[in-house]
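Participant: Residue numbers (our numbering), protein chains in the order written: chain E, 1 to 293; chain X, 1 to 331.
Quick caveat, the hints were computed from the structure, so don't treat them as lab data. It is possible that some hints are incorrect.
Unchecked claim - Partial list, computed: chain X residues near chain E (C-beta under 7 Å):
1. ALA49
2. GLY110
3. ALA135
4. TRP145
5. VAL149
6. PRO152
7. TRP223
8. GLY251
9. ILE310
Unchecked claim - Part of the chain X face toward chain E, derived, beta carbon under 8 Å:
10. GLU213
11. ALA214
12. LEU298
Claimed, not checked - Stretches of chain X that chain E covers, calculated by requiring three or more beta carbons in the stretch to come under 8 Å of a beta carbon on chain E:
13. 34-42
14. 84-97
15. 120-131
16. 312-323
Only a predicted model underlies this, so the values are computations on that prediction, with no experimental measurement involved. Note that the Cβ used here is the ideal one computed from N, Cα and C, for glycine as well.
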Amino acid sequence: MIHFDRHARRKLLSHTIAVLSGLAVIAVLYPLVSIVYEAFVLGGGVLFQAQFFTAVPPNACSALSCQTVGIGPDIVGTLILIGIASGISVPVGVLAAIFASEYRARGLGRAISFTADVLTGVPSIIMGAFIYGYFVIYYPTIAYSAYTGGLALSAIMTPIVVRTTEEGLRVVPNSVREAALALGITKWKATLRIVLIAALPAVATGVLLAIMRAAGEAAPLLFTALGSNLYPTGLGHPIGALPLLIYFFALSPYSNQVKVAWGATLFLLLLILIVNIVSRLLIHRMAVRMGGT
Amino acid sequence: MDPLTPSSPSSSPVPQSEAPHRRTDRHRWGDRVFFGLVAVVGISVITLAAAIVGILIYSSQQSFRVFGWSFLWGTVWSPDSNIFGVVPFMAGTLLTSAIALLIAVPLALGSAIFLTTHAPRWLRGPAGTAIELLAAVPSVIYGFWALYVIHPYMASTIEPGLHQYLGWTGLFGGTAVGLDVLTASIVLAVMIIPTICAVSRDTLLAVPQAQKEAALSLGATDWETTRVASIPYARSGIIGGIILGLGRAMGETMAVTMVIGNADRIPTSLFSQGQTIASLIANELLSNTGPLQVSAILEAGLVLFVIVLIVNIVARILVWRVLKVGGGVVE
């Protein structure tokens, strides 16, 4: 009798934990659902207006007019900043990863991969602060510009590109390297034309995820890119970016600006979520093809 | 020449081997250049880390000259009288991160256990991906959402309730306005759950099947198997994941800046307005009163960098230890 009771109690405890852990998942996922829902409800209306992607952001409401217009300059600004950041991070990150993965026997390779790993955890605001600290002293005329904004974003992207590329290279079987070298091809050609090509899908998704991470960063741009409501005229001037626009307009007391911020939020959110989901599916499919688990 | 007879270098005439030699040299030359290139670029990653430290140290010199080490225990931050101490922001950073961990750890571990043990197989992949997507949402969007969804709810319902029933603890004193340490901590918790959950799930998956089956074959229930077989094995990795989450919480900027209320003083209750080091940098680096304040802010940034660096190194070592044992996924 007692035996049966104890057994029932243990079973009950196990089932209770199962239910509680299921509830935890629901609680954890609630914010994701809520954010997407709110972004659609509050930002859907403005996002699907034709001029939203081309017009400049609205001024504060006055007694005369209260327009909700677009996010054009900030889309262009984000593209420019991402372009500069990727132009630095992709070659640097990929080559550093090649060193860390293909010349691994040397202790330096491990040091680089550990440094990159630790750098991915450095707060993004620190990346902005150190770029600001350097440029404000040495090159104050371009302290607030697309250059510094792009550099700050590249400091965030580079470690991510290093890590994802390195993991992609590591998945390529050693037999591929040996087969290439056995044919008499030099190591650098084997690395660039065979090993890197084999790892290319993984490298490309890694780069894409790094770009999405950088596209959503506002903190390092606050005192580098600075933000602007006008279309950029040159790389040496302050430049707008979507996350900066969301930050400034989210705190605005004017309803038209808040509405534009929600539209930008929905746009950025959909972009990031879709790219993330698609690249995860690609990684999964590739892992299956490579015979991984 | 007989291919089976190895020829010593001295016996082979120079002209004959000249062509293959040149070829090899050219190959070696290409390899050397490539090696040099990737090595230089690789080292530049380490240089980046060194540059961050170097520039932060250099630009905080002025503040260090004025305040010395007392910057670290100065409790006053007053731009008007040019007195700067980092304690109010250290307090804000540590308090918000600690509360965020208190909220996040049970939920993240519960989710990890559900995803590895209790969830039906078809649900594991999609639910895991959905939690990982939470990590991809930009900080500024969390802040915006918190400002418009969590903040009104905190101000109207949760905080008055806490004040009424738990006000005697002293934690929930003051006026509940919803833009305070507690709201910031809740947003932080939401933001670090995916990190803790993903690492815990990976380390729980690294537990050898045989170890779980041994527990099950002794008649253990699912929970008992998790408790006696899985968690002890994955413990160091789970703790690593929690510390990784802590590192992320301490450096998180935009969302915190938008809901913490931004007051340069030590919080006295969970309903106090406060400031973390990260939100201090975001708020005051441009709206400063002079070079001394800029220098002090960058010194605070250096303090944050060093803390997060230590936290991250400890976390990585713990996580790598479990995953290395569990089949060499990472190493």
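Participant: All hints, please: hold or fail.
Facilitator: Checked hints:
no.: 1; hint: ALA49; result: 5 Å, holds
no.: 2; hint: GLY110; result: 3 Å, holds
no.: 3; hint: ALA135; result: 9 Å, violated
no.: 4; hint: TRP145; result: 5 Å, holds
no.: 5; hint: VAL149; result: 6 Å, holds
no.: 6; hint: PRO152; result: 12 Å, violated
no.: 7; hint: TRP223; result: 4 Å, holds
no.: 8; hint: GLY251; result: 3 Å, holds
no.: 9; hint: ILE310; result: 10 Å, violated
no.: 10; hint: GLU213; result: 16 Å, violated
no.: 11; hint: ALA214; result: 17 Å, violated
no.: 12; hint: LEU298; result: 5 Å, holds
no.: 13; hint: 34-42; result: holds (count 7)
no.: 14; hint: 84-97; result: violated (count 0)
no.: 15; hint: 120-131; result: holds (count 4)
no.: 16; hint: 312-323; result: holds (count 4)
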